[in-house]
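Trainee: Below, each chain spelled out in residue letters.
4 protein chains.
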Amino acid sequence: MNISIIGATGYSGVELIRLLKSHPEAKIESLFASSQAGNELTNVFPHLTNIAQFPLEAIDIEKTAEWVFLATPSGVSGKLVPSLLEAGRKVIDISGDFRLPQETYQKWYGKETAEESLRQKAVYALPEWFSEQIKGAQLVANPGCYPTAASLGLAPALPYIDPNSIIIDAKSGVSGAGRSVGLGTHFGEVNENINAYKVGKHQHTPEIEQTLTRIGGKETIISFTPHLVPMTRGILCTMYATITEEVNFQELYQSTYEGKPFVRVRPAGSYPKTKEVLGSNYCDIAVHVDPRTNRLVVLSVIDNVVKGASGQAVQNMNLMAGLEETAGLEFSPVYP
Amino acid sequence: MNISIIGATGYSGVELIRLLKSHPEAKIESLFASSQAGNELTNVFPHLTNIAQFPLEAIDIEKTAEWVFLATPSGVSGKLVPSLLEAGRKVIDISGDFRLPQETYQKWYGKETAEESLRQKAVYALPEWFSEQIKGAQLVANPGCYPTAASLGLAPALPYIDPNSIIIDAKSGVSGAGRSVGLGTHFGEVNENINAYKVGKHQHTPEIEQTLTRIGGKETIISFTPHLVPMTRGILCTMYATITEEVNFQELYQSTYEGKPFVRVRPAGSYPKTKEVLGSNYCDIAVHVDPRTNRLVVLSVIDNVVKGASGQAVQNMNLMAGLEETAGLEFSPVYP
Amino acid sequence: MNISIIGATGYSGVELIRLLKSHPEAKIESLFASSQAGNELTNVFPHLTNIAQFPLEAIDIEKTAEWVFLATPSGVSGKLVPSLLEAGRKVIDISGDFRLPQETYQKWYGKETAEESLRQKAVYALPEWFSEQIKGAQLVANPGCYPTAASLGLAPALPYIDPNSIIIDAKSGVSGAGRSVGLGTHFGEVNENINAYKVGKHQHTPEIEQTLTRIGGKETIISFTPHLVPMTRGILCTMYATITEEVNFQELYQSTYEGKPFVRVRPAGSYPKTKEVLGSNYCDIAVHVDPRTNRLVVLSVIDNVVKGASGQAVQNMNLMAGLEETAGLEFSPVYP
Amino acid sequence: MNISIIGATGYSGVELIRLLKSHPEAKIESLFASSQAGNELTNVFPHLTNIAQFPLEAIDIEKTAEWVFLATPSGVSGKLVPSLLEAGRKVIDISGDFRLPQETYQKWYGKETAEESLRQKAVYALPEWFSEQIKGAQLVANPGCYPTAASLGLAPALPYIDPNSIIIDAKSGVSGAGRSVGLGTHFGEVNENINAYKVGKHQHTPEIEQTLTRIGGKETIISFTPHLVPMTRGILCTMYATITEEVNFQELYQSTYEGKPFVRVRPAGSYPKTKEVLGSNYCDIAVHVDPRTNRLVVLSVIDNVVKGASGQAVQNMNLMAGLEETAGLEFSPVYP
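As given, the protein sequences belong to chains F, C, Z and E, one line each in that order.
So that you can map any letter, position 304 of the first sequence is 304 in this note's numbering, and since no number is skipped, the others follow by simple counting.
So that you can map any letter, position 271 of the second sequence is 271 in this note's numbering, and since no number is skipped, the others follow by simple counting.
So that you can map any letter, position 99 of the third sequence is 99 in this note's numbering, and since no number is skipped, the others follow by simple counting.
So that you can map any letter, position 63 of the fourth sequence is 63 in this note's numbering, and since no number is skipped, the others follow by simple counting.
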């Protein structure tokens, strides 16, 4: 499988390079990065010295390989995908451009995106829930980092909780903000610090609602609050919902995710840590029932750069290509 | 005012020394620390070289000064307070021993504490709400770190929210776990990591419920989830509640805390950061209304070692002694 | 004493505001920050809410108060100082523009600076060594952060070490790079990371050499290597020199710095930590002799934003104004 | 290849598990950890859930597999190795017990170790320099973390520098102190902090001297100062030496390490970062010449848990077994 990455110098792009270099079937053919065109990859990322030697090229659809990963900022893939599809490429879009109906996208992202007719060609690719649609797709929309952790954590419980009671309090490492520079990622400003941001306004809110509504079959409106945590990688979603029917949630989760290689339902009473999935494609989940408040509390952790972006993208590529879902992704978290 | 600190070598103890050394009316007379008795303070804390020169002594009630701060682990002050009161000392207890009814304490802390009759002599000393009772008290129970941030953040809204809808998602720096050693505070385990702990079981839960019930006048049962964040100081409480009556929450908060020197209600749309109060006695609060879910989202930050422990203890001492509430506490946060 | 700060929105500027707000004799009158002119200080620094309320103004020499602190990037004060002096202001320049002979400056900074005749009017203001010249000066050049830690740490030993054997291996927190944004201060790039930079080329090299040459009376050429450490504040200099005459270095250092309130010579065998001076104006020093190699190893720590910049600037203001050297600077480090 | 790990619950032990699980030829058979005997591996390390399922056993030589890794504290392997050798096992000792002559060990470690006659059976296994002796060895002493970074960084230059001018200023992440609890690894004490320790006394000093003396052929006495940096993984050695013969050091290093897959000599002018090797077995080296002082400055970075311990141990196993040196170790650093 020959591969091109467009947007190779962001954090999702460079993580794709790490993962695909160890993939048994994949071969990176070309890297595109408009801001760095003409430069060498190892000048931008010296950690890839002797590992990946590539020129960084200006985007040119003609030069792309059969498989194309789009690790681009919002608003870019909407423009590139039509020609990629026309050229017959298989496309995995890591950006948000194809995840939401055009109107919803424009409302929450404040940007233009692809026409809704084109948009609908994309399969929303959360592999643990929609693998059948992913297999054989030509264009998939890789889920966002927060939506991955949140949806995997809440989906099994949906029949037994009040869909309008859901509160998702999410915490992310700084790499989630990408590699662009700004005061918001300046070490002096974010180290020894934690804060919420975009309360009630984060663009991942409608994506989570759409997924929960689709899986649960009931219109779902959530409260979603993201936070910035002084660490590089990792997302923890702490999620609250009122229980409408008492079931054994521990067993429910275990049976739901049996056979899903990247979801690890942790034993009753566990407190998963982001560090326990660092560098890996796992999503670790623990369920707690609080009898005092009749609430379910679900804890879900991922590495935002892997299961929340590039790892899941490779998992989707595997499914699209009919490979083992775990190909190239079977490595242990890096601990400590 | 002559002062003794019992438990001088924990983080609350050493912060009391920092604060009291700059206090215009206070003079530290003696420091007690059973585990370090016989040692010099500056051997334990070299940062106090040339600033505070004291021997560390074994606890001896007779030797205590008129004002006594108890910065001891749970279960200790319950035993010391009777003799301190008998000896006529003014006592500020930073531990949890006098905050809850005996039965509640024993259930949540799993430890013995003082008899309920003695316990009731203690004034629960959240100064922004109970200053009248604090003035002239002989024994005060200094609130816990999480309860301080949570109660200050929710109290003004209580008449207008559903008391049983309250969810408090709290994030704390590692100093909240104290200076005792253990895997839970090992750098290799908590750095680059975030996790929830004690879901539905944290001992600060009944303290918050008691305060909100008292202020709001309605029985209040909350969901409270603490998290450990890879930073040294700081607590952020992100709090959710369903609005039962629409009011201008921004104005409500501003007018409620007008004249309260240590609560800063931040402008509409703000996202207070823990770093913005680091080293200071401020509690910064922002209120957000989410019309999509009809929920109020309150953000409240403190420095857990200052407003969440030793700073508030000094504020209480000031009130008890009839001094200006701000005496010795008027310094800026340390930023960055 | 009425004060203006030019460059109020960098890290040195905002630290000056923190320190001067607690100073018994100083009153901030105006703040200048060209990039933020027209904005309110608390919009840029919400942590100063209710503490310091000022508009940020475009630079206007006429509007400056009697005392002017220049907390500007390299190359700016060289241009502003002539008119400030003409207007009769007392000037404390925190930037590097007046520390080096014009030619040396231009070689190491790669920028223009003031004419050498003007430059020579500035007193190099390391107060522990040059207090007599500072008293009564109209213009002082506040030393750089690395030169402060290095010079204080090495100066007493100079008569007894080989001046050409000196190696200074320095480690700094990220705030030393200022508040400007760039990949070099991006959290994702500097967290969990350490690296050297500008080996043999850092602009503080000639400043250290100049000071050691002046104090020691012997031409001194050093190796100086700065490093970036994943912390916000703090500098540690680890310094090596070959001993030419055996003396009791511990006693030498203690007697040299007796009566210097901000230098704490730590007991023999100590390992000072940057955290032990955080937020304070102290420089803590420990001396070790390695008999196997006949080398002296000196460890010197400061808070780069305080003793390495704004705290020392206030100390210099105190000296210039004939106040107690410690006025407004007598507070404890913040620990932990 | 069947493998046992003794000391499986320290940081070197758990890293061995990560690496060996991805190794094409290795199969972990049993894990020994006296302090945790009877427990399950995933109770101690939940991040290995679904990856490595093993009971933790009390040490029993009879039960060990053919290949034994010793990841034990100082003083333990000296006692275990005789019976392991007798039982015919191939042994890779990650601890320091077999690296130094008995007398030197006892002086620097302050502990007993194996008899010198036994000790001499161990091959000091720095693979880039001693691969011939490693091939076919039954017992190897894996180098220490600091000695690996330092020796690889200095070895090529030895003919052209003064061996008694060498100064090694080393900086390590906190995982280097192991997983044992203590104030020295408490987050509140080491976060936002840097300090030197064991100046002139660190037990890795004679190991580095022995290696440099052996490679360079000249008696070498060094100054070595380790520092603790607020990060989890990584070592940077900044090394200084006086040049005795001018050569093209860049070319010298490149040609010396040509064909050594885990040493990456970075281009002239580089500043390698510890993050650029995180999680990988690489040692990245840059050489700088300072003409002002006639000194060579070498920068050398490794991941202390990988190339500084378990990764190098696997590399040595590969050599001993006649496999490709890189087997199981060909993965990219984790960045960011």
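Some hints here could point you the wrong way.
[Claimed, not checked] Taking lysine-lysine and the DSSO-like style, the derived pairs with C-alpha atoms no more than 30 Å apart in a straight line are:
#1 F:21 to E:21
#2 C:21 to Z:198
#3 F:135 to F:121
#4 C:107 to F:260
#5 C:21 to C:198
#6 Z:198 to E:27
#7 F:260 to E:21
#8 F:260 to E:63
#9 F:21 to E:198
#10 C:135 to C:27
#11 F:218 to F:198
#12 C:111 to C:121
#13 C:21 to Z:27
#14 C:260 to Z:198
#15 C:260 to Z:201
#16 E:198 to Z:260
#17 F:198 to C:111
#18 F:107 to F:90
#19 F:27 to E:27
#20 F:27 to E:63
#21 C:27 to Z:135
#22 Z:27 to C:27
#23 E:111 to F:21
#24 Z:198 to E:198
#25 E:63 to E:111
#26 F:63 to F:107
#27 Z:21 to C:27
No lab work stands behind these hints: they were computed from the structure.
Trainee: All hints are to be evaluated individually against the structure, with a verdict given for each.
Mentor: Verification of the hints:
no.	hint	result
1	F:21 to E:21	holds, 18 Å
2	C:21 to Z:198	violated, 41 Å
3	F:135 to F:121	holds, 14 Å
4	C:107 to F:260	violated, 40 Å
5	C:21 to C:198	violated, 36 Å
6	Z:198 to E:27	violated, 46 Å
7	F:260 to E:21	holds, 20 Å
8	F:260 to E:63	violated, 35 Å
9	F:21 to E:198	violated, 41 Å
10	C:135 to C:27	holds, 20 Å
11	F:218 to F:198	holds, 26 Å
12	C:111 to C:121	holds, 20 Å
13	C:21 to Z:27	holds, 24 Å
14	C:260 to Z:198	violated, 50 Å
15	C:260 to Z:201	violated, 52 Å
16	E:198 to Z:260	holds, 28 Å
17	F:198 to C:111	violated, 42 Å
18	F:107 to F:90	holds, 28 Å
19	F:27 to E:27	holds, 28 Å
20	F:27 to E:63	violated, 43 Å
21	C:27 to Z:135	violated, 34 Å
22	Z:27 to C:27	holds, 28 Å
23	E:111 to F:21	violated, 45 Å
24	Z:198 to E:198	holds, 28 Å
25	E:63 to E:111	holds, 28 Å
26	F:63 to F:107	violated, 34 Å
27	Z:21 to C:27	holds, 24 Å
Of the numbered hints stated above, those contradicted by the structure are hints 2, 4, 5, 6, 8, 9, 14, 15, 17, 20, 21, 23, 26, listed in ascending order.
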